[in-house]
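Asker: Listed below, chain by chain, are the residues.
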Amino acid sequence: MTVQNVTFEQHVAERLARGSRHDAPRVVPWVLPLILVLGLFYLYPVFDVMRLAFMRATLLANDGTYTLSTLIDTLSRPELAQILWVTFVFTGSSVVAQQLLGLVIALVVVRGEGRGLFGTTIVRTTALVAWVVPGIAGGIIWKMLFNEAPFGGLNSILRLMGAAPVQWLSDPDLVMWSVVLSNVWRGTAFSMVVMYAALKAIDPVLYEAASVDGANARQRLFYVTLPQLRAAILVNMILITIQTLNTFDAIISLTGGGPGRATEVLSLYTFNIVFRNYDLSVGAVLSILMLAISLGLALVYAVFLPKGEE
Amino acid sequence: MSAASRERLGDALSYLFMLVIFVFFAWPLLWLLSLALRTRKEVFLGVSRFIPKAPTLDNFAMILSSDKFLGYLWNALKLSSLSAIGCLLVALPAAYAFSRFRFRGKGGWMMAILSVQMISPLVIMVPLYRYMAAIGLTDSHFGVVMVYIALAVPTVTWILKGSIDGIPRSLDEAALIDGCNRWGVFLRVILPLSTPGIASAFIISVIAGWSQFLVPFLLITREALTPIGVGIFQYAGTQNDSSIQLLAAACLVSVVPAIIAFLSLQRLILGAMTAGAVKG
Amino acid sequence: MNARILMLLSAVAMTLPVAAFAQDTITGDTVGPADAPNKLVFRMTSDGPRNNDPVLAEGYSKLFNAFVANHAGWQVELQMMSGDISQEQARMLEQAKSGNAPDCAAVDSFVLPLFKKSGVLQSFSPYFKKEEIDQLFPFIRDGVTGADGQIYAWWWSTDLRVLYRNTEIIPDAPETWGDTKKAALASVEKGMEGLLFNGGRYEGTTFDWLANFWGQGGKLVDDAGKPIFGEGENREKFVKAVNYYRDLVESGAAPKRVATIGNYDDFNAAAAAGTSALFVGGNWQYSQLKTVLEPEELAKWTFSPLPGPTKDERSTGTGGWTVAAFSKDPAKVEMCANLAREIYMGPANELQEQLPTRADFYSTYKIFSSDANKAFGEALKVGQARPGAPVYPEISNQIQIMMGKVLTGAETTDAAADEAFKAATAAFSRL
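Chains as they are written, first to last, in my numbering: chain U, 1 to 310; chain X, 1 to 280; chain Y, 1 to 431.
Where hints are given, some of them may not hold.
What the hints assert, rightly or not - Some chain X residues well away from chain Y (every beta-carbon gap over 10 Å; in silico):
1. F17
2. V23
3. A26
4. W31
5. M110
6. A112
7. V116
8. S170
9. A224
10. V230
Stated by the list, open to error - Here are a few chain Y residues that face chain U, going by a calculated C-beta distance under 7 Å:
11. T30
12. A273
13. P393
Said to hold, decoys possible - Which bits of chain Y does chain U cover? Going by a derived footprint, with three or more residues having C-beta under 8 Å, they are:
14. 87-96
15. 100-110
16. 198-210
Simulated from the structure, these hints should not be mistaken for lab results. Glycine included, C-beta positions come from ideal geometry on N, C-alpha and C.
If we strip away everything but chain U, and leave its shape as in the complex, we get:
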């Protein structure tokens, strides 16, 4: 390195250091719109939810007194353990499946585009349509596919192939996987879009360098692509975990949470409490519980985020 270059870098460093001293107070104008929108249109209801958790309010009445009884009452409900377990299985398997499938589709599509293969746009668009189809329609379609009548969608295909019919929805051990399948169908496009954008943003120079070093396709994947995608994958996992925890519209039209409580996830349980039992306070406690779970998971993911910029 030449002397000239060193002074140049010092110059840049000084300039940046000066900049960042000024940055500290100047962060505010950059984030102010964000804070304003969230503060004006969302924060008050959030505080209200916190308040409701310590009351006994329903849609019908609210006596206005504060109590811990709702909190204790809700958290000691006997069904809560099962609900949380169902939520864990549903969220965990949906997130893993959507992330993997979204990544693989993005990889294949990017490769296909590079090689000029036919059909990449069709594949991407089909996945996207599944995402945009309203939840209720998704539920109706999958209900027809999983229908266990002799003429049911999947079972009639199985019968044509001479296989035994499957109890997609009435077998309590199988129903969860049917629900996860329908959720993966609907939710994968989000991960695909995020992964696709992240793949496209990888500097092509890195691949050129890898090729010069004689790396094969697998090595390029493991030593260039995946490390470069690490941050995007983790952010995507955080986002889809939150989304999946809040998902219930596909489940509600497919199984309603049944049979029994086999597919009743926390968000569906909360929905039932608020919109069928009109119980605001119990709903508020449950939504704070959901917040705690999401926050805990997000912090766990955040540990794995690259520390570079901090």
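Following the hints, put chains X and Y in place on chain U, whose structure we already have.
Answerer: Quick look at chains X and Y alone, frame taken from chain U:
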């Protein structure tokens, strides 16, 4: 194996994979189409018949000839595109600040913004409705747009921050040396280079707005202001009046604008990348 | 390229807001002259001019136009309600609490108790004659009457559950649970699926099954609205009725998939596909079957009252829709009552062939003196509405959960019934 034949094997595997994925995603949609082409009589046959005996376009004709339905579509288009644009306007500067500036508690702020999204909107909705009613923003598209923005902006900020993180800092530095201030860097360097991220954030927020149900359901009662996400439910029918065939047609029609938006933005993503590659 | 996306976005950003915030003045949602000084906002179900069946839509349009013509100086703004009833009614309750409810609306008979209790409805008593009220079936009259003896809604249509069968396979109407099981098993031998009924997480699951409990004289709640179905005699009857369903599935008289059925349309589908010869359905399905089945197939189908443990212990669940007023303006309340009378009480029953709630209509309207409708009217005599207790939705939810556990064999009937009772009691103590 030679490199060329390995590539050809790869192509074959890619085609196979794309076929499987296509069938997985398209098969249920074909069922939806099958339902949409049925007559009132055949719809009761449910799953027992995949290809309708007497396919009809009446359901689509009925939906498209209804002034209501086009109104719902237009409302949804307004609400979701305005909120997506608003989202970008609010989130882009913040994402830039989170990506490039050093300040105390940055990680905490990022997490706090995301945690807004972690609270189930189910429960927020009742206090939100009371709040909006109190400040007179029910039955108003402005109020709904602002709530959509608040709901989508955490995700969008995170995605945009990720994509700005991927832009080499050396480009900022070079621009700063050239005499740009921070806003100049943001407008001339960061915005153009983060086009793929902006486009995917835009797609994601348009679709999030498009599929909103609870917010417009509670905040809007006038039919003339109702977006498709709510309007479509009116085709579901009650138990005495089953009209799944209309619902299916309505769902398919409601998906079309999103496909168009996606296909046109996709060009932009690709275009931006080729431009970037030339520069790189 | 980059400049293009920015230009595109900013162009859209600049043009849209202007167009967007200029509020539309579509007049398609009002009936009557736009310059009429008085306006009634009416929120309806698909029982109105927006019905998806063009014939019904036209019929309702005529009724609404005639109504507006009859009341000079008024226009009616129509709002639509979606098919998710509980959610719709929850929203309406919340809007009523903040003073933003429609003036007049369709209220499902089964949430009427909640609405009466929360005091958001206005009395209809001044606008209906005593003779009109006296003609209502007793369970209907009880349903609309508040604690103060005033009526708070007009319940205009009702429905009930019956047992449908294909007479070619099952010639005689089963009258008892035992008959039903035998008939179902016989149909299974002929390649059918057996008895179909709602058994999923769906209000119909509870509602259709309750007839088996009510038929024995069982009671879900006491007069104070407290759940009592898990105590003493009631518990015995309750468990007995659950075991009836359980035995049907375990003996193969009903397919396992009943635990997933949460939609009456599934029965129509099975009848059309010819895979079932016996199902528990609603009276409205009779006219649906007419449109699904070929005439020679339809001729084989008939219905009979739901069976009971013995042929004298029978019942059936009844529901239906009411019209009620939220407005504090007496003139609007009166218009709402007029609308209930002139459009729904009678004319709408006739138009949609929905069972009237007044005994005299079965003879005054020709359509309701058909054999089928007379039979339905007869069955209504043992009809029972769901209890008018605020805790009912949770009881129903618990029964659905219990049914899932029992029908899939995940739990014993006794344990599942006790859990349901415990949860319902806990919910009651929170109200």
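Asker: Hey, is V116 of chain X genuinely clear of chain Y, shortest beta carbon separation above 10 Å?
Answerer: Answer for V116 of chain X: holds, closest chain Y Cβ roughly 23 Å.
Asker: Does T30 of chain Y meet its interface restraint, that is, does its C-beta lie within less than 7 Å of any C-beta in chain U?
Answerer: violated, 28 Å
Asker: Given that the stretch 100-110 of chain Y was listed as covered by chain U, double-check it with a C-beta distance under 8 Å for 3 or more residues.
Answerer: violated (count 0)
Asker: Examine each Cβ of chain Y, and state whether all of them lie more than 10 Å from the Cβ of A26 of chain X.
Answerer: With a cut-off of 10 Å, A26 of chain X remains clear of chain Y, as the shortest Cβ separation is near 24 Å.
Asker: Are A273 of chain Y and chain U close enough, Cβ to Cβ, to be under 7 Å, as the hint says?
Answerer: holds, 5 Å
Asker: For V23 of chain X, which was marked as not at the interface, is the minimum beta-carbon distance to chain Y over 10 Å?
Answerer: holds, 25 Å
Asker: Decide, holds or violated, for the assertion that all CB atoms of chain Y are farther than 10 Å from the CB of F17 of chain X.
Answerer: holds, 30 Å
Asker: Does the no-contact call for W31 of chain X survive, Cβ to all of chain Y over 10 Å?
Answerer: holds, 14 Å
Asker: Check the non-interface label on S170 of chain X: least C-beta distance to chain Y beyond 10 Å or not.
Answerer: holds, 19 Å
Asker: Is A224 of chain X truly not at the interface, in the sense that its beta carbon sits beyond 10 Å from all beta carbons of chain Y?
Answerer: violated, 5 Å
Asker: Under a C-beta cut-off of less than 8 Å, do 3 or more residues of the stretch 87-96 of chain Y approach chain U closely enough to confirm the stated coverage?
Answerer: It holds: at least three residues are needed, and the stretch 87-96 of chain Y offers 4 whose Cβ sits within less than 8 Å of chain U.
Asker: Over 10 Å from every CB of chain Y: does M110 of chain X meet that, or does the non-interface label fail?
Answerer: The claim holds: M110 of chain X sits with its nearest Cβ about 25 Å from chain Y, beyond 10 Å.
Of the numbered hints stated above, those contradicted by the structure are hints 9, 10, 11 and 15, listed in ascending order.
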